[in-house]
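Engineer: This note's numbering numbers the first residue of the sequence shown as 1 and each following residue consecutively.
Among these hints, one or two may not hold up.
Stated by the list, open to error - Using C-beta positions, here's what the derived DEER-type ranges look like:
no.	residue 1	residue 2	range
1	T68	D48	19 to 25 Å
2	P20	D48	28 to 34 Å
3	E95	H63	31 to 37 Å
4	A71	E49	32 to 38 Å
5	R98	T40	27 to 33 Å
6	T30	L89	21 to 27 Å
7	P52	H74	16 to 22 Å
8	L89	P52	28 to 34 Å
9	V25	E93	36 to 42 Å
10	M101	E26	27 to 33 Å
11	R81	T9	35 to 41 Å
12	V25	R98	29 to 35 Å
13	S34	T103	20 to 26 Å
14	A22	N104	34 to 40 Å
Unchecked claim - Here are the simulated lysine to any residue pairs, SDA-like style, with alpha carbons at most 20 Å apart:
no.	residue 1	residue 2
15	K91	S34
16	K17	N59
17	K72	F36
18	K90	A100
19	K72	N13
20	K72	R87
21	K90	A28
22	K90	T12
23	K72	T10
24	K91	G50
Bear in mind the hints are in silico, worked out from the structure with no lab data behind them.
The beta-carbon is built from N, C-alpha and C at its ideal position, and this holds for glycine as well.
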Amino acid sequence: ATTTTTTATTFTNVYIKNIPAALQVESALTTLFSQFGSITSVHVARDDEGRPRGFGFINFDNHESAATAVAKLHGRTIGGRQIHVCRALKKAEREAERAAMATNSGGSGGGST
1 ATTTTTTATT FTNVYIKNIP AALQVESALT TLFSQFGSIT SVHVARDDEG
51 RPRGFGFINF DNHESAATAV AKLHGRTIGG RQIHVCRALK KAEREAERAA
101 MATNSGGSGG GST
């Protein structure tokens with residue numbers, strides 16, 4: 001029997017990257033994402049100087065809101081940039097996904113000679 005984990009399909013934390021400059025503040029992301037449901041937190045990643053790094057996280061109150069935001073916003077062009085919106089993965093999940101992709105790719109992806 002196969003068991004399915006709910007973490008891969010049920011999520012509330014959303015990752016956004018390639019954020020245009022106008023949206024690189026928490027209030028602007030809150031405005032954009034709140035149309036999909038109640039938000040519990042918004043975080044824009046910043047460097048040591050306090051400058052936005054172009055990505056962030058939005059945590060919704062429930063999975064349905066998060067899933068709708070991903071479905072409606074992923075790939076949209078906003079402020080001249082195509083944004084990437086997806087389920088936020090924990091570091092261990094990202095590493096496991098990368099390892100699985102490398103194993104399934106049939107090689108190391110080396111360059112030409």
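Engineer: Confirm or reject each hint.
Structural biologist: Results of checking the hints against the structure:
1. T68 - D48: 19 to 25 Å: Since T68 and D48 have Cβ atoms about 35 Å apart, the given range 19 to 25 Å is violated.
2. P20 - D48: 28 to 34 Å: Roughly 22 Å apart at Cβ, these two residues miss the hinted range, so it is violated.
3. E95 - H63: 31 to 37 Å: violated, 23 Å
4. A71 - E49: 32 to 38 Å: holds, 35 Å
5. R98 - T40: 27 to 33 Å: holds, 28 Å
6. T30 - L89: 21 to 27 Å: Hint holds: Cβ distance 22 Å, inside 21 to 27 Å.
7. P52 - H74: 16 to 22 Å: The hinted range 16 to 22 Å holds for P52 and H74, with Cβ atoms some 20 Å apart.
8. L89 - P52: 28 to 34 Å: violated, 21 Å
9. V25 - E93: 36 to 42 Å: Given a distance of about 28 Å, which is not inside 36 to 42 Å, the answer is violated.
10. M101 - E26: 27 to 33 Å: Hint holds: Cβ distance 32 Å, inside 27 to 33 Å.
11. R81 - T9: 35 to 41 Å: violated, 28 Å
12. V25 - R98: 29 to 35 Å: holds, 30 Å
13. S34 - T103: 20 to 26 Å: violated, 40 Å
14. A22 - N104: 34 to 40 Å: For N104 against A22, whose Cβ atoms are near 38 Å apart, the range 34 to 40 Å holds.
15. K91 - S34: The hint is violated at about 26 Å.
16. K17 - N59: Holds. K17 to N59 sits at ~15 Å (cutoff 20 Å).
17. K72 - F36: It holds: about 9 Å lies between the C-alpha atoms, which stays within 20 Å.
18. K90 - A100: holds, 15 Å
19. K72 - N13: holds, 15 Å
20. K72 - R87: The hint holds at about 13 Å.
21. K90 - A28: Distance ~24 Å between K90 and A28 Cα, so the pair is violated.
22. K90 - T12: Within the cut-off at roughly 12 Å; holds.
23. K72 - T10: holds, 17 Å
24. K91 - G50: violated, 23 Å
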